[in-house]
Every structure is written in structure tokens, then in C-alpha cells.
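Asks: Here's the letter readout for the chains.
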Amino acid sequence: MEHLPYQNIKEQLQSCRSKEETFKALVTLSKTLIRLTPEDKIDSNLVKGCETAVWLIIDRTNNIPQFKADSDAKLMRGILVTILSLIEGRSTHEIQSMDLSSELAQLNLGSYLTQSRTNGVLSILKKIAQT
Amino acid sequence: MVFDPHSIRQEFPILQQPAYEHELVYLDNAATTQKPIFVLERLLGYYQTTNANVHRGAHFLSDQATSQFERARETVARFINASEKGQVIWSKGTTEAINMVAYGIEHLLDPEDEILISSLEHHANLVPWQQLAFRTGARLRVIPFTSDGLWQPEYANYFSDRTKVVACTQVSNAIGVQLPIQEVIHHAKQVNAITLIDGAQAVAHYSIDVSQLDCDFYVFSGHKMYGPTGIGVLYGKTDALDSLLPSQTGGEMVLHVTYQATEFNILPYRLEAGTPNIEGAIGLAAACEYLQKHDREAILQWEQFLVQRVHSLLENRTDIEIYSPRDNSTLVSLSVKTAHIMDLNNYLDSKGIAVRGGSHCAHPLMAQLGVSGTLRASFACYNTIEEAEHFANTLLEAAELLSED
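Going down the list, the sequences are from chains Y and P. So in my numbering, spot 129 of the first sequence is number 129, and the numbers just go up one at a time. So in my numbering, spot 282 of the second sequence is number 282, and the numbers just go up one at a time.
Note that these hints are calculated values from the structure, not bench results. Please note: incorrect hints may appear among the correct ones.
Pairs of lysine-lysine residues, derived as DSSO-like cross-links and limited to a Cα-Cα distance of at most 30 Å, are as follows [stated by the list, open to error]:
hint	chain 1	residue 1	chain 2	residue 2
1	P	337	Y	48
2	Y	24	P	92
3	P	337	Y	41
4	P	337	Y	31
5	Y	31	Y	41
6	P	337	Y	68
With the rest of the complex left out, here is chain Y (with noise of 0.2 Å):
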């Protein structure tokens, strides 16, 4: 399934009232991501922190990186989505002078983002900010 433009993304969560709803938008999101084959879920594209097991493989050989990600959990996946959108298409140039984490801040994710020993979405902004 072809992605929702993170504008679209921004704005489906922001007009979450309650955890419970965005929650649920998360998982509506997580359905959207294209799952990783059996043969990239491998430990060396584990991002270390994360409690729910987290897939990320950054293809560098071209000026506009090619992202691929997958988590076990679904909340996750939804997370996974939103990233992907605000990131993809995008050189690495470009990413590295956004400030992904106060993007992501506006999007009433509150604990979701922070509960580091649940998902380390830290981990995960800073390995799509390494060069």
C-alpha cells in the first residue's frame, strides 16, 4: 500500500482527542507500511533500545536514501509510517538539517515517543541522522 503523505499523516494525529484514538490511528497507520521479508529481519538491522524488536535498513548508495523499516508490535508500525513519510523522497542533506524530533513532537504521540525502554524511537532518529 502506497504511503499517505506526512502532511495527511500530521494531521490525522493531531485531530486525535484522546490516547485511546490515537492510538487506534496508530494502528490504522501501521496496516500502511510494506513489511519486511523474513531475510531482512536480521539482528544486524535491529536498532538497539528498543524494547519491541525494530527493523531498519537505509539504503545510502544513491543522493536520496531508500528507507525500509519493520517493528513486531503495531503500534510501532504506525510510528514506523510516520518517520518514513516525514523522511522519504528526501536527500540526506535535507534530513540531517531537520529537527525530527520536535517535528514529531506535534503530533500528540506524548508518551509514545518517550517511553525509552519501550521503543527507543530515539534510537531510531538518530540512525536515520548518521551519515
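Starting from the known structure of chain Y, arrange chain P on it as the hints suggest.
Replies: Same frame as chain Y, now just chain P:
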């Protein structure tokens, strides 16, 4: 059921608030319990009327603080039926108490010795022993308990002349099962091993009698039994405590100091370096008094009844696996085949229900069960039947929502 949690519930101010737009349902009591006004007032009262450092300075407040602090030790000693108050050593909690023993007996261990633990331990009663084994060359051995926690005759084979230490939890934090600590202690004594029982998950629910148990050490935390955080207890038989080298040194634990040498103080002070957690000790003693004011057997039966109620709402579901026992448990530990633990945890949270999802600091036990984690709902005296049912029904709702692809 004669017990009514609604009146007890009024004594816990924190439970009167909403979580998001829902009523707060607190079912993470195995992680930490909430605190009754009785304990909170004692803590506030200490700072409002008594605060001073203990065992030093002859002045009005210091005398008051010292006598309250030492009375707290007596209260805790009575609570666990220790024969002397000096057998109660204050610690930060269960973990520190276990470490005090693991470091304190290091000088007694040789490379040919063995340390025995059960396979149902959480990391706090595993890692300190593993590290002690690394430091001394001793061997760590694990009695392979099945998840029903029942004693099997072949476990006796693990005990031998080489067994120097036996450490075992009384109740599993991850799957709620009670371990046969009487048998464990009995077999340990036959080979003259030092015994330590981890009571962290037991003290809030069961009456503890260390004299009857006859273990060398018994450890627990205040915050899991309606007391404050940062205070716990290392109980030890007097000769067992005497054999420990202090793992921390400094002020308070000394009688006389020169640049060349130090003469240590007597028990319990020898093992309590530095200014102690005075408010914590007083708060923990208040928690003991609080529990003793109530019919503890009735509370336990109520908590176990809530667990049985959750079981009866979930046990006919083929997609739900329950790892904790239906009877004689105060917690439910489960997984849903089609949903990730953290998704379930987060959905319940969005409904105001506080549970714990994850490995419960017991990675080897999770590996034994073949799961990466479980979802745990753990009950306390203030939980109602409505809360137990709401948890089960919301879990079913979550399973429904999360099973769709």
C-alpha cells in the same frame, strides 16, 4: 466474599484521580503498591515534628528521631517475627539487601563451591549470585523448576557438600507462582548451606515468620507492601549477619577509627554505613502497622478471588495463554497469540488501566516459557471486582482490535 475493598480504597488518595479521560485502574501492584494516608501522614509527621540525624548529637530532636527510627526496627522485627530487632538491617530495597549478602559472604566461598538458585528468579536474585560466582570461581547452578513451582524429588540431587549458598524467591514476580521454600530451606540446611529467601513479592500478601522458616536471610522492599520507595530490609540470623563483611564502609558503622585501622560497630549498625533512610524506615514501619490493622487473610482471599474472576473470563479463549496459576495467585500473567505485549499494554493504558508488559526482569524465565514477555495484572487490597472484570473485558477488546491485519 466478606471483604469489601471500597472502604480501604478511600484510604488511597492517588486512586481517586482519573487517568486520561478514564477512571484509573491500577493493576501494577507487583511493581509497586500505592500508599495509604496512614503511611503518608507518618512520613509528613516525621518531617513536621521530628527530623534530625539519628544516633548522634545529644539534642531534643535527635533523641526523638533516634527513638522513632529504632522503634521502626522493632516494628519490622515483630512484623516478620524476628527474635531480635538487631536482626533487621535497613537497605535501599530487595536488590541492595541481596547484594549486601552476595558481597558479604564472598570471603567464605572457594572455587569448588556451588551457589544454587531456582529457575524462577528475577534478575535481582540471579545477577548478584552469578557475579559472585565470577568473582570467586564458584559455580552457579539452577534448579530447573517447572512453571507450576511444585517441588520434585529429583531437585534434592542439586544439594551436596559443595552447595554453599541457596537463594530462592518465595513468589515469582513474573508468573505469580509460590515456590516450595520450606523444602528448599530443609534441603539446604541438610548440607549446611547459607539460605536466602527473596520475599519481595510475598510480604504484601502473606504473613511472614522468619523464625519458623528458619532461613539465614530474608529480604524484601518497602514499596511493594504499601510503604515508601528506597527502603528495604535484610533480615538475618545473628550469626549469619556476623559472618558478613560490610559491603559498604564509612560513618555510622564504626566504633573507632585511626589512619591505620578501623574497629567496626556491632550489629545492626556494622552493616549500615552512612546516614540511614530515616523517613523510609519510619514509613515502612507504618506500612507494617497498616497491614496488621487489617484482616490479612481476608485481603489475600480477596486478591486471589479477583485473579480467579479474571481467569474465568479469559480461560476459554484459545488465543490467550495464561502462565500464572488460577488458584493461590495474586497476579495474572498472560499473552495473546495474535497481539504484541506492548500493543496490549498501550491499549490498556489508553483506557486508564495500568498493567506491566515485558520480561519482568526475568529473561531466563521468559526463555523457559518460550516467550519474550508477558502481560501482568497484579492485585492489591484496594482493587475491586469491577476493576478485575474491566481489565479482562478490555483485554478481549484489545485482542479483537489488534488481531485484524
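Asks: Please go over all the hints and tell whether each is borne out by the structure.
Replies: Taking the hints in turn, this is what the structure says about them:
1. 337/P to 48/Y: Cα-Cα ~25 Å, so holds.
2. 24/Y to 92/P: violated (41 Å)
3. 337/P to 41/Y: Given that 30 Å is the threshold and the Cα spacing comes to 20 Å, the pair holds.
4. 337/P to 31/Y: Roughly 18 Å between the alpha carbons, so the hint for residue 337/P and residue 31/Y holds.
5. 31/Y to 41/Y: Distance ~18 Å between residue 31/Y and residue 41/Y Cα, so the pair holds.
6. 337/P to 68/Y: holds (26 Å)
The structure is inconsistent with hint 2 alone, although it conforms to all the rest.
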